[in-house]
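Asks: Below, each chain spelled out in residue letters.
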Amino acid sequence: MSMLPKPDNKDSQTLDELLDKACGVAPTWTKDKAGNNFGWLRFHKPDDLVPAVKALKDCGARLCTVTAYSDKREDERHRRSIAYHFALGSVLCTVTIPAYDEASGEALEVPSITPYFRNADWNEREFQEMYAIKIKNHPNPRRLFLDERIDAGIMDELIPFSSMVHGASSKDLWEQVMMEKTGYVPGKKEQEVLVEPAFTPVSETQPKAEAATADNSVAGKTAGEAQS
Amino acid sequence: MSEVHNIPVKEFSLPIGPLHVALEEPMYFKVSVVGEKVRDVDITAGHVHRGMEALAAKRNLFQNVVLTERVCSLCSNSHPFTYCMAVENIADIEVPLRAQYLRVMAEEIKRVASHLFNVGIMAHVIGFKSLFMHMMQVREIMQDVKETVFGNRMDLAANCIGGVKYDVDGDLIKFVVHQLDRLESHLDEIVKIYQSNSMIRERTVGVGRIGKEDAIEYGLVGPVARGSGVVTDTRRNAPYAVYPELRFDVITEEGGDVHARAMVRLGEVVESVRIIRQIIHALPDGPLTAKLPEIPAGEAMARSEAPRGELFYYLRTDGSDVPMRLKWRVPSYMNWDALKVMMKDCAVADVSLIVNSIDPCISCTER
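Chains as they are written, first to last, in the numbering used here: chain A, 1 to 228; chain B, 1001 to 1367.
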């Protein structure tokens, strides 16, 4: 995707002017190989969303969908953002808000846009249960996919079955197994050489009388075989 | 309580699904009924939710081509096609022209088979069994094309990042043209039957109506929106691949009912055959894939016109080979909610017919 200094078609110019007027910030623009324009606008507070949404509704834009995501992997995955994707003619415009306080990282409630875009209903209910993001003033905040008994944001807690059966585990598990089996201590460079215990040969523990009988029978058999 | 012929009639709830003979996949409808009329419908989804978007963030960009092929069988070309476009947008990859033509050919072959399946099922739901059997036989012509060209009847596995994984030679093209001739010899007759047969018209005209304003308000897309007079088609609105170079009409109907939606689909079958013929005529020589660069950190959107309407993909990467986020929104997602409007005051006997008329895809909805 190439960056555009300014939008280069009528619909994207309309969006650019409207959002600049409504929010004081104009989107940045990119273009794909087919010439379609894409606008990108990120706010720093959840409540900044509403004036932009009103402006988009007024100009006849359509809500395509809403994407909630974690800003970073692993440690900071609780920092969620929400991207609202709108279409106007050939143009797509994404307005993104953080669902957390950017200074403290504390989770914040986000405003519902269902009063402006009817089809936001399912999208908001979905990210509410999948990402545990709280929504203000949603007209119908019931569960959509997950049962009421399942915690919101459950997908973050699950380990894919494929990872589990492939043995994709932390090295702690294997170190624990090795410690129990061999006395291996993680991090210790000079490990004691493992010496297997010596076993007494079974023949040495046989009673003497039995050993003698066994010797005779072997000798007798050998003699018979020799006669034949 | 309401009254019909002075006899008090009580409102009661009629549960349909999640497992029901009229539903091919599980969905739960709680239908409020007074007498034989539906007053309201409440939909509960989630019976086959697979957490595929969460899974996509655990797999690398190449593995996700295979994953997206498996979101849904009927749209199994549209998903990887649009996903690949999103990756190509992030990395600024120029797909070779021959590959773009072949992508569109696979897409239109799938559209023909998908639409014939839906209108065939409509005949089944209204009890027109001989027409249903005939439609499935006609659809088999395209199923043979899929099996012969791609080696599979549903998942074509045609797309890869930067191009396509299949090619057609002279013999295959001859076969496709032969099959298109066979298909067209049946299409005129089928369209006439759906347009004029009294049994079909009696059961479908005026049933499950949704007006243009409601269609826009609910954000409807695809044949459902076009059946209500909304002129929207991603192939025309937001051009991608080689669609700007192809001649085709965007089919619309004004009725907004079950019949209008079926007629839009049949009209689109005719247009898709027209598109495939143009592709065969204009197919250029050249490579099938682009040279792939490293996929940089960034975000991109892409959309296409799947058989059920606009399919949207959003991809976010961090410079590694595993996406930070992959989101897709399928056309059925909005169409479900509009059933509330379509089923208002309809007869209980028409519920399954109206559900079928949005060509619902549950495996798409419950990724």
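Hints may be right or wrong, so weigh each one.
As the list claims (entries may be wrong) - Result set (DSS-like, lysine-lysine): computed pairs, CA atoms no more than 30 Å apart in a straight line:
1. K1037(B) / K1129(B)
2. K1030(B) / K1129(B)
3. K134(A) / K1129(B)
4. K1030(B) / K33(A)
5. K1165(B) / K57(A)
6. K57(A) / K1212(B)
7. K1212(B) / K54(A)
8. K57(A) / K31(A)
9. K1030(B) / K1010(B)
10. K1030(B) / K134(A)
11. K1212(B) / K1344(B)
12. K31(A) / K1340(B)
13. K33(A) / K1010(B)
14. K1037(B) / K57(A)
15. K45(A) / K31(A)
16. K54(A) / K1291(B)
17. K1058(B) / K72(A)
18. K10(A) / K1058(B)
19. K136(A) / K1030(B)
20. K134(A) / K1010(B)
21. K33(A) / K10(A)
22. K136(A) / K1291(B)
23. K31(A) / K1165(B)
24. K33(A) / K1165(B)
25. K134(A) / K181(A)
Claimed, not checked - Just the calculated beta-carbon pair ranges, DEER-fashion:
26. M1133(B) / R149(A): 18 to 26 Å
27. V1066(B) / I150(A): 26 to 34 Å
28. S1320(B) / I150(A): 24 to 32 Å
It is worth saying that the hints were derived from the structure and are not from the lab. Glycine included, each C-beta is placed from N, C-alpha and C at the ideal position.
Asks: Next, verify each hint and record whether it holds.
Replies: Quick rundown of the hints versus the structure:
Proximity of K1037(B) to K1129(B) is assessed by CA-CA distance (about 26 Å); at most 30 Å being required, the pair is judged to hold. For the hint pairing K1030(B) with K1129(B), the CA-to-CA distance comes to about 28 Å; that is within 30 Å, so the pair holds. Taking the CA atoms of K134(A) and K1129(B), the gap is about 50 Å. The hint is violated against a cut of 30 Å. Among the hinted pairs, K1030(B) with K33(A) is inconsistent with the structure: their alpha-carbon atoms are about 46 Å apart, more than 30 Å.
Restraint check for K1165(B) and K57(A): the C-alpha separation of about 41 Å exceeds 30 Å, so the hint is violated. A C-alpha spacing of about 17 Å is found between K57(A) and K1212(B), which places the hinted pair at or below 30 Å, so the restraint holds. This hinted pair checks out: K1212(B) and K54(A) have alpha carbons roughly 22 Å apart, not beyond 30 Å. Annotation: proposed proximity of K57(A) to K31(A) holds, straight-line Cα distance about 23 Å (limit 30 Å).
For the proposed pair K1030(B) and K1010(B), the alpha carbon gap of about 16 Å is at most 30 Å, so the pair holds. Only pairs whose Cα atoms come within 30 Å are accepted, and K1030(B) paired with K134(A) is accepted, the gap being roughly 27 Å. Among the hinted pairs, K1212(B) with K1344(B) is consistent with the structure: their alpha-carbon atoms are about 16 Å apart, no more than 30 Å. Under the criterion of a C-alpha separation no larger than 30 Å, the hint pairing K31(A) with K1340(B) is inconsistent with the structure, at around 38 Å.
Restraint check: the Cα-Cα separation between K33(A) and K1010(B) comes to about 60 Å, which exceeds 30 Å; the hinted pair is violated. Proposed proximity of K1037(B) and K57(A) is contradicted: the alpha carbons are some 35 Å apart, above 30 Å. A hinted pair counts as satisfied when its Cα atoms are at most 30 Å apart, and K45(A) with K31(A) qualifies at roughly 27 Å. In summary, the hint linking K54(A) to K1291(B) is not supported, as the alpha carbons are separated by about 43 Å, beyond the 30 Å threshold.
Between K1058(B) and K72(A) the alpha-carbon distance is near 14 Å, which keeps this suggested pair within the 30 Å criterion. Our distance criterion of 30 Å between C-alpha atoms is broken by K10(A) and K1058(B), whose separation comes to about 39 Å. Between the alpha carbons of K136(A) and K1030(B) the distance comes to roughly 27 Å, so the proposed pair stays at or under 30 Å and holds. Annotation: proposed proximity of K134(A) to K1010(B) is violated, straight-line Cα distance about 38 Å (limit 30 Å).
Between K33(A) and K10(A), the direct Cα distance comes to roughly 18 Å. Compliance with the 30 Å bound is thereby established for this hinted pair. The straight-line distance between the Cα atoms of K136(A) and K1291(B) is roughly 47 Å, outside the 30 Å bound, and the hint therefore fails. A threshold of 30 Å between alpha carbons decides the hint, and for K31(A) with K1165(B) the separation of about 26 Å falls inside it, so the pair holds. Restraint check: the Cα-Cα separation between K33(A) and K1165(B) comes to about 21 Å, which is no more than 30 Å; the hinted pair holds.
The suggested pairing of K134(A) with K181(A) is violated, with an alpha-carbon distance near 49 Å, which exceeds 30 Å. Remark: the range hint 18 to 26 Å for M1133(B) to R149(A) is contradicted by a beta-carbon distance near 45 Å. A C-beta distance of roughly 28 Å is found between V1066(B) and I150(A), which places it inside the suggested range of 26 to 34 Å. In this structure the hint that S1320(B) and I150(A) lie 24 to 32 Å apart at CB holds, the actual value being about 30 Å.
The structure fails hints 3, 4, 5, 12, 13, 14, 16, 18, 20, 22, 25 and 26 (numbered hints given earlier, in ascending order).
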